[in-house]
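Listed below are the residues making up each chain.
4 protein chains.
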Amino acid sequence: MTRVGVVGATGYTGLELIRLLSRHPKIKIAALTAEKNVGQPIWKIFPSVMGESDLVCQALEVESLSRTCDFIFTALPHKAAMEVVPEFLEKGKKVVDLSADFRLLDPQVYAEWYEPHIAPGLLKEAVYGIPELHREEIKKARLVANPGCYPTSVILALAPALKNHLIDPKTIIADSKSGVSGAGRSVVLSSMYAEVSENFKAYKVTEHRHTPEMEQELSRVAGKKIVITFTPHLVPMKRGILSTIYATLQKPLSEKEIYGVYSKFYGNEKYVRLRPPDLLPSTADVFGSNYCDLGWKVDRRNNRLILLSAIDNLVKGASGQAIQNMNLMLGLEESLGLDLVPLYP
Amino acid sequence: MTRVGVVGATGYTGLELIRLLSRHPKIKIAALTAEKNVGQPIWKIFPSVMGESDLVCQALEVESLSRTCDFIFTALPHKAAMEVVPEFLEKGKKVVDLSADFRLLDPQVYAEWYEPHIAPGLLKEAVYGIPELHREEIKKARLVANPGCYPTSVILALAPALKNHLIDPKTIIADSKSGVSGAGRSVVLSSMYAEVSENFKAYKVTEHRHTPEMEQELSRVAGKKIVITFTPHLVPMKRGILSTIYATLQKPLSEKEIYGVYSKFYGNEKYVRLRPPDLLPSTADVFGSNYCDLGWKVDRRNNRLILLSAIDNLVKGASGQAIQNMNLMLGLEESLGLDLVPLYP
Amino acid sequence: MTRVGVVGATGYTGLELIRLLSRHPKIKIAALTAEKNVGQPIWKIFPSVMGESDLVCQALEVESLSRTCDFIFTALPHKAAMEVVPEFLEKGKKVVDLSADFRLLDPQVYAEWYEPHIAPGLLKEAVYGIPELHREEIKKARLVANPGCYPTSVILALAPALKNHLIDPKTIIADSKSGVSGAGRSVVLSSMYAEVSENFKAYKVTEHRHTPEMEQELSRVAGKKIVITFTPHLVPMKRGILSTIYATLQKPLSEKEIYGVYSKFYGNEKYVRLRPPDLLPSTADVFGSNYCDLGWKVDRRNNRLILLSAIDNLVKGASGQAIQNMNLMLGLEESLGLDLVPLYP
Amino acid sequence: MTRVGVVGATGYTGLELIRLLSRHPKIKIAALTAEKNVGQPIWKIFPSVMGESDLVCQALEVESLSRTCDFIFTALPHKAAMEVVPEFLEKGKKVVDLSADFRLLDPQVYAEWYEPHIAPGLLKEAVYGIPELHREEIKKARLVANPGCYPTSVILALAPALKNHLIDPKTIIADSKSGVSGAGRSVVLSSMYAEVSENFKAYKVTEHRHTPEMEQELSRVAGKKIVITFTPHLVPMKRGILSTIYATLQKPLSEKEIYGVYSKFYGNEKYVRLRPPDLLPSTADVFGSNYCDLGWKVDRRNNRLILLSAIDNLVKGASGQAIQNMNLMLGLEESLGLDLVPLYP
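Chains as they are written, first to last, in the numbering used here: chain Y, 1 to 345; chain X, 1 to 345; chain W, 1 to 345; chain R, 1 to 345.
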């Protein structure tokens with residue numbers, strides 16, 4: 001059994017790591033940290049895991065965590081992550097970081113969208129953790145940067161089309177819609193029930209920090225620099241992201257021809273499901289699971305491809321994918337702990 | 001007091017007409033029809049109006065309705081409307097039809113998206129009922145075709161930009177999101193709570209029947225034929241539409257310059273509110289009211305305009321706008337009965 | 001026009017006062033206060049009232065407010081209210097206080113459930129503001145204590161039964177369920193969307209501070225001391241309270257006989273609707289309105305009366321009732337500004 | 001591997017059986033029946049199980065099902081179940097029936113609340129399937145009547161108190177609140193999103209068919225006939241039941257003393273979690289799992305016990321408990337396939 005530490009256990013991605021790791025046959029959760037809850041049993045904070053875990057939250061001390069843990073998940077806010085990840089690496093631990101801190105290769109881009117990076121040397125080493133695109137590098141990585149939830153949904157949808165030059169990369173528009181847990185467990189007015197329920201709105205239009213991450217990965221797949229328009233929206237639901245992505249086709253294609261390309265690209269990928277055109281993706285169909293469901297329609301009148309991509313933002317969009325990455329880094333069967341049938345309704 | 005008949009009173013737009021007309025100072029609801037509920041008091045069907053209305057549902061008989069009513073709202077499914085509207089006109093009644101039957105000028109386009117039209121002669125006469133665009137014709141009309149909910153949100157957002165040639169009309173994409181009441185009160189699986197809650201999805205992608213209606217009106221504003229991409233989505237909420245609309249700018253413009261154009265176009269329009277860029281529209285802010293809130297951001301990196309438009313689909317998207325049209329047709333103050341402050345939260 | 005000040009304008013009851021007073025024909029909102037938003041236009045905080053109000057939040061200064069306002073609503077947290085209400089009274093202003101501070105006649109009961117009272121002398125003078133029970137005293141009052149939302153729903157339901165000795169007062173159990181806006185606009189974890197949606201729970205069981213308020217009023221109606229069991233629950237919805245109330249009948253009665261008693265008790269009360277047994281109350285039927293819907297069933301097998309009571313917690317449970325009280329205090333028609341048809345769906 | 005047939009696979013309990021059985025290590029789903037979907041792959045009906053199951057719906061033919069299946073779940077409406085269950089038993093199959101048809105021991109009580117029973121001879125044989133109360137009989141049973149969702153929540157909460165004579169059995173009131181999936185997948189107006197969202201109401205007050213089932217089991221535990229008051233309510237959520245149960249204590253007891261009794265009664269029961277008084281049950285904490293969370297508070301002022309009980313109506317309230325019963329009937333480890341951590345948020 002590999003002993004795992006979850007640093008930042010009291011956020012929603014932290015809890016989702018606990019939920020999934022509790023059933024992982026080769027993993028033992030060895031430590032949970034949470035600055036504000038030191039000394040508290042995790043089930044007092046999240047009674048859903050009463051009877052599942054007796055672990056008590058501890059302070060984030062690299063020294064002591066390194067003694068009790070073989071592998072570390074950092075589920076901290078950005079900036080907090082880059083302060084501590086290098087120390088774990090120095091101690092010889094492998095790390096999956098769920099923050100944004102190691103996702104961008106270029107420290108200048110990081111500085112532009114976030115702030116100056118304090119461990120820029122690690123940016124080149126960190127592997128961007130979408131196994132369907134970077135499996136072999138992830139297997140060898142010490143540090144995996146777990147992707148953002150929006151980027152996961154957008155990149156998986158666009159990769160086959162860009163790789164195969166189906167679309168004009170200058171025309172990409174990603175209109176994404178997310179449930180509220182994507183904003184985390186921070187107590188803020190805009191996440192309150194009375195503000196969110198029966199409400200739908202866009203936010204951070206043209207300014208969302210997941211944009212450079214998408215562009216970096218899409219550019220790598222396409223082999224050329226790509227700049228997209230990305231608009232996130234808040235949906236009155238807890239979990240789930242649906243991205244609706246538009247791009248002009250390089251030449252007319254049928255839905256079936258596109259199926260051919262996508263089917264070849266994703267082959268036997270376990271967590272990507274290609275939906276037929278009469279059964280387009282919906283977030284409820286992936287709820288609680290590690291699936292990314294992809295579908296598409298061709299707008300023949302405008303020669304546009306419309307891609308639809310659904311994930312559970314806390315699973316494939318965060319903790320599920322993090323465990324998928326960990327499995328690869330530890331040389332385990334990739335699907336261990338992730339054998340989740342979506343919960344419907 | 002003008003005596004008004006609501007034909008098809010037991011749908012959600014029918015009920016919304018009753019709610020609003022109950023407080024209209026110059027109107028008396030004289031008759032309600034509902035085939036399946038003949039003889040039933042309306043408050044037994046909708047207990048929300050208990051004590052507000054003693055009206056009993058009657059059968060749809062043109063003859064008798066024409067005796068008791070001066071003005072008719074038809075809130076019927078498409079096809080059912082075109083069977084009865086001509087008869088009311090013959091009786092000398094003015095009509096606002098809330099169905100799709102008289103919205104398209106061209107019977108062939110109607111046939112293509114719906115079925116062959118049985119009263120094609122009226123299509124040219126019917127006025128498309130967006131007062132902000134067609135006020136003078138509405139004043140003189142016998143028959144107003146009340147717009148669809150999605151078209152209202154999209155057309156009001158795009159009209160100033162197209163009229164002023166700010167955008168490339170070939171690049172328009174409307175990504176719209178609607179609450180469930182937009183699907184009406186028909187009892188269907190896809191409208192059930194357990195199917196809709198915690199779920200988000202697109203539907204009728206590239207095929208929604210509101211598309212030709214939008215294109216007709218946008219083409220008229222632009223002075224040239226416009227073909228758009230339109231994608232409707234279902235949001236887990238009861239009321240509200242948010243449309244996110246993308247188009248490439250003809251030349252770079254700031255948000256402020258766009259404000260200048262929109263502000264001039266809508267001038268003193270009471271029901272269009274122009275939101276500042278740091279306070280983009282959200283459906284909750286127009287809930288229960290006749291407002292259409294418009295906002296925008298410029299994606300400088302891609303030279304795209306992103307328009308955001310929020311309405312309550314049952315008010316400005318249906319019954320509220322229908323009453324606005326009625327007021328104009330009857331020579332009344334346009335805002336009578338529509339003086340609604342949005343309900344928040 | 002009476003000039004009204006809303007003290008504490010940025011909570012949900014404050015906003016609801018603004019919504020309703022904006023359409024009151026005899027009232028002009030003259031001032032809004034909000035400590036944290038001094039200098040900000042109210043529509044920047046609540047964009048729903050954009051175009052409705054140009055008022056700017058000011059600090060709470062009794063002196064200056066007393067110059068510009070004839071009548072004051074205090075929509076402050078308890079304790080904050082009792083610090084300022086006496087000063088407004090001294091300035092000769094009439095006040096409706098929406099907090100709990102003046103609802104209890106007995107300072108010792110207040111001390112027991114809250115903290116020591118700093119203006120105990122006013123407790124005897126303040127009138128408990130349920131117009132259906134205390135109309136004549138309200139008309140003469142300088143200070144009306146606007147009831148809590150739960151108490152409004154429970155007291156209106158039980159008053160006729162207790163007054164007419166239908167039930168055994170020792171057996172009363174009130175099981176109440178409230179939407180989240182009842183917890184106000186404070187930013188707390190337990191009001192966050194991800195915590196509330198798809199969740200249902202009881203809270204403050206046996207300990208909720210609305211208990212003594214209910215018992216005081218029920219005791220007054222019954223003419224004897226009453227102690228009840230009260231259990232509040234949180235419903236994943238924004239607005240609305242449904243109370244299900246149980247009590248043993250003193251002797252067997254039919255639903256129809258109970259109707260006779262309730263109908264006589266409430267007579268022509270405009271805001272109490274007695275629902276037939278086949279159409280029991282539901283919160284959606286009173287949404288956005290000042291109605292309290294009452295219904296009941298007799299459990300013959302156990303000789304128990306089951307009362308059901310539905311209100312909108314922000315209208316009849318707070319701001320609507322506050323305006324009803326204000327109208328009475330100012331000698332105005334009681335229903336001015338409250339002529340609201342519930343919004344359904 | 002035991003080959004299992006799910007009769008009535010396209011309801012929500014049918015789907016939940018599929019979800020859970022898909023991960024059961026000793027079970028193979030061998031057949032699914034659905035009259036209206038014969039020939040359709042189950043994933044076309046429920047795309048959530050795309051890639052999980054290739055099974056195609058077949059007609060309900062006892063003969064052929066008996067050849068391919070060793071064990072049968074009937075997830076049919078009541079009445080339909082009793083028509084087919086006897087035939088499966090005759091074929092030597094063991095059956096867990098999820099309908100109400102075999103839950104009542106007394107055919108006359110069944111006739112009173114439902115209709116005349118057509119297989120009354122089986123009523124005595126069928127075992128009421130709450131393992132925590134009837135484990136040994138379930139192990140030997142051919143036919144287990146899987147309990148209703150409300151009864152599961154109420155019976156588990158009351159059993160220890162009744163068994164130990166803590167409460168006066170004449171004073172029991174169960175006020176239960178359920179998510180909408182409890183009403184099944186039937187397409188009815190009252191289950192539609194626009195009718196349920198932002199709404200809370202009671203229904204079938206004093207008349208719900210789960211009442212006799214509760215009374216039968218509570219009477220058996222108590223050793224005397226018990227008649228209760230039961231009020232079901234509809235909560236705007238998909239899954240979950242919370243029951244709030246009131247009863248007068250025979251003598252004053254502290255929460256801690258009650259813990260002693262409950263802790264002894266449930267001992268090592270895996271699926272009953274006793275929550276401390278400062279952390280009362282909530283439906284979200286059991287979402288997606290087989291847990292029943294129990295909590296309580298003593299209302300000292302009225303000497304009443306207030307019990308709180310939370311389950312997921314589709315798991316412990318239906319399909320999860322059905323599998324727990326199946327495991328016992330097949331001599332398997334009771335928790336196989338049920339090792340579910342609740343999904344939160």
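In case anyone wonders, no lab produced these hints; they're calculated from the structure. Incorrect hints may have been included.
Because identical chains cannot be distinguished in the list, a pair is counted as satisfied if it fits within a single copy or across any two copies.
Using 20 Å as the maximum straight-line C-alpha spacing, the simulated SDA-like pairs for lysine to any residue come out as follows [to be verified]:
id	residue 1	residue 2
1	K270	G51
2	K251	E83
3	K225	N303
4	K170	K251
5	K224	I29
6	K139	V261
7	K170	S219
8	K225	N302
9	K44	E255
10	K140	P276
11	K36	L279
12	K264	E35
13	K44	S263
14	K204	L274
15	K26	A183
16	K36	G184
17	K124	A59
18	K36	K170
Hints, one by one, checked against the model:
Proximity of K270 to G51 under the C-alpha cut-off of 20 Å is restricted to the inter-copy arrangement: shortest distance 9 Å between copies versus 31 Å within a copy. For the identical chains of this complex, K251 and E83 are neighbours neither inside a copy (48 Å) nor across copies (44 Å), given an alpha-carbon limit of 20 Å. For the homomeric pair K225 and N303, the shortest alpha-carbon distance between copies (16 Å) is at most 20 Å, but the shortest distance inside one copy (23 Å) is not. Taking CA atoms no more than 20 Å apart as the test, K170 paired with K251 passes in both settings, with 15 Å inside one copy and 17 Å between copies.
Taking the shortest alpha-carbon separations for K224 and I29, neither the intra-copy value of 42 Å nor the inter-copy value of 49 Å comes in at or below 20 Å. For the identical chains of this complex, K139 and V261 are neighbours neither inside a copy (26 Å) nor across copies (53 Å), given an alpha-carbon limit of 20 Å. Taking the shortest Cα distances, K170 and S219 sit within 20 Å of each other inside one copy (11 Å), while across copies they are farther apart (26 Å). In this assembly of identical chains, K225 and N302 lie within 20 Å of each other by CA distance solely across copies; the values are 13 Å between and 25 Å within a copy.
For a Cα distance limit of 20 Å, the shortest separation of K44 from E255 across copies, 18 Å, qualifies, whereas the shortest one inside one copy, 50 Å, does not. Proximity of K140 to P276 under the C-alpha cut-off of 20 Å is found in neither arrangement, the shortest distances being 35 Å within a copy and 46 Å between copies. For a Cα distance limit of 20 Å, the shortest separation of K36 from L279 across copies, 19 Å, qualifies, whereas the shortest one inside one copy, 45 Å, does not. Proximity of K264 and E35 under a CA criterion of 20 Å is satisfied in neither setting, with 46 Å inside one chain copy and 36 Å between copies.
In this assembly of identical chains, the alpha carbons of K44 and S263 lie at most 20 Å apart only when taken from different copies (19 Å versus 46 Å within one copy). In the homo-oligomer, the alpha carbons of K204 and L274 lie at most 20 Å apart only across protomers (18 Å), although the nearest pairing inside one protomer, at 30 Å, exceeds that limit. Taking the closest pair of Cα atoms, K26 and A183 never come within 20 Å of each other, the shortest separation being 31 Å inside a single copy and 40 Å across copies. Taking the shortest alpha-carbon separations for K36 and G184, only the intra-copy value of 16 Å comes in at or below 20 Å, while the best inter-copy value is 25 Å.
Taking the closest pair of Cα atoms, K124 and A59 never come within 20 Å of each other, the shortest separation being 30 Å inside a single copy and 53 Å across copies. Neither within a single protomer nor between protomers do K36 and K170 lie at most 20 Å apart by alpha-carbon distance, with minima of 46 Å and 45 Å respectively.
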